[in-house]
Amino acid sequence: QKEVEQNSGPLSVPEGAIASLNCTYSDRGSQSFFWYRQYSGKSPELIMSIYSNGDKEDGRFTAQLNKASQYVSLLIRDSQPSDSATYLCAVNLQVKTIFGAGTRLFVKA
Amino acid sequence: EPEVTQTPSHQVTQMGQEVILRCVPISNHLYFYWYRQILGQKVEFLVSFYNNEISEKSEIFDDQFSVERPDGSNFTLKIRSTKLEDSAMYFCASSDNPYSNQPQHFGDGTRLSIL
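Chains as they are written, first to last, in the numbering used here: chain A, 1 to 109; chain B, 1 to 115.
The following block holds chain A by itself, in its conformation from the complex:
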């Protein structure tokens, strides 16, 4: 069973702090990794993708990938109340994407 595991949270951080979200996956053949943000009742919205070991930065977001440890993380710097959402880690297995259950993030003003 190919799994993507995330801590369900909630993760609560004060406004302006760094939020750190983590994810592990079971299939070593996974090639591409994504972070989606999902507001309640809405569809997943792609915020970051990463394919190679190391860090990838885009604005306030940094994704980190360690294939040896089968670990993906997302850092959100200068967290804002509007960042409050569920963050879904997703792993591409060629023609399907496996999602984690998501981590709920609350950013307190």
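It cannot be assumed that every hint is accurate.
[To be verified] Pairs of lysine-lysine, BS3-like flavour, derived with a Cα cap of 25 angstroms:
| # | chain 1 | residue 1 | chain 2 | residue 2 |
| --- | --- | --- | --- | --- |
| 1 | B | Lys78 | A | Lys42 |
| 2 | B | Lys57 | A | Lys42 |
| 3 | B | Lys57 | B | Lys42 |
| 4 | A | Lys67 | B | Lys42 |
| 5 | A | Lys42 | B | Lys83 |
| 6 | B | Lys42 | A | Lys42 |
| 7 | B | Lys57 | B | Lys83 |
No lab work stands behind these hints, which were simulated from the structure alone.
Starting from the known structure of chain A, arrange chain B on it as the hints suggest.
Just chain B now, kept in the frame of chain A:
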């Protein structure tokens, strides 16, 4: 920016009835997908579709479900003889080429309520 569109946004159906959920993928995308999300649970893969064929399907995608690309723009999910447990958000997605790590782009979803 091009987007995936889904209709209807909310569908209410009596148990046992058939329902068709519709999607218009991004025009130059070649791979199409359906996912579902039961309230409070994770997004679950149902099926992927390429070149007028199913590429892969999950255990959830049993004989009750079927997909079709009836014309050059629409991609549909049909659920026959709906059950209460089919109540969920159904998301359509499309991508350019998943083998080159292209991400999937999601529509806004159809909320299916089975009564």
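These are the hints, each one checked on the structure:
A hinted pair counts as satisfied when its Cα atoms are at most 25 angstroms apart, and Lys78/B with Lys42/A qualifies at roughly 22 angstroms. Proximity of Lys57/B to Lys42/A is assessed by CA-CA distance (about 24 angstroms); at most 25 angstroms being required, the pair is judged to hold. Our distance criterion of 25 angstroms between C-alpha atoms is met by Lys57/B and Lys42/B, whose separation comes to about 17 angstroms. About 23 angstroms separates the Cα atoms of Lys67/A and Lys42/B, which keeps this hinted pair within 25 angstroms; it holds.
A distance of roughly 23 angstroms separates the Cα atoms of Lys42/A and Lys83/B; the hinted pair therefore holds under the 25 angstroms criterion. For the hint linking Lys42/B to Lys42/A, the alpha-carbon distance of about 13 angstroms falls within 25 angstroms, and the restraint holds. Between the alpha carbons of Lys57/B and Lys83/B the distance comes to roughly 20 angstroms, so the proposed pair stays at or under 25 angstroms and holds.
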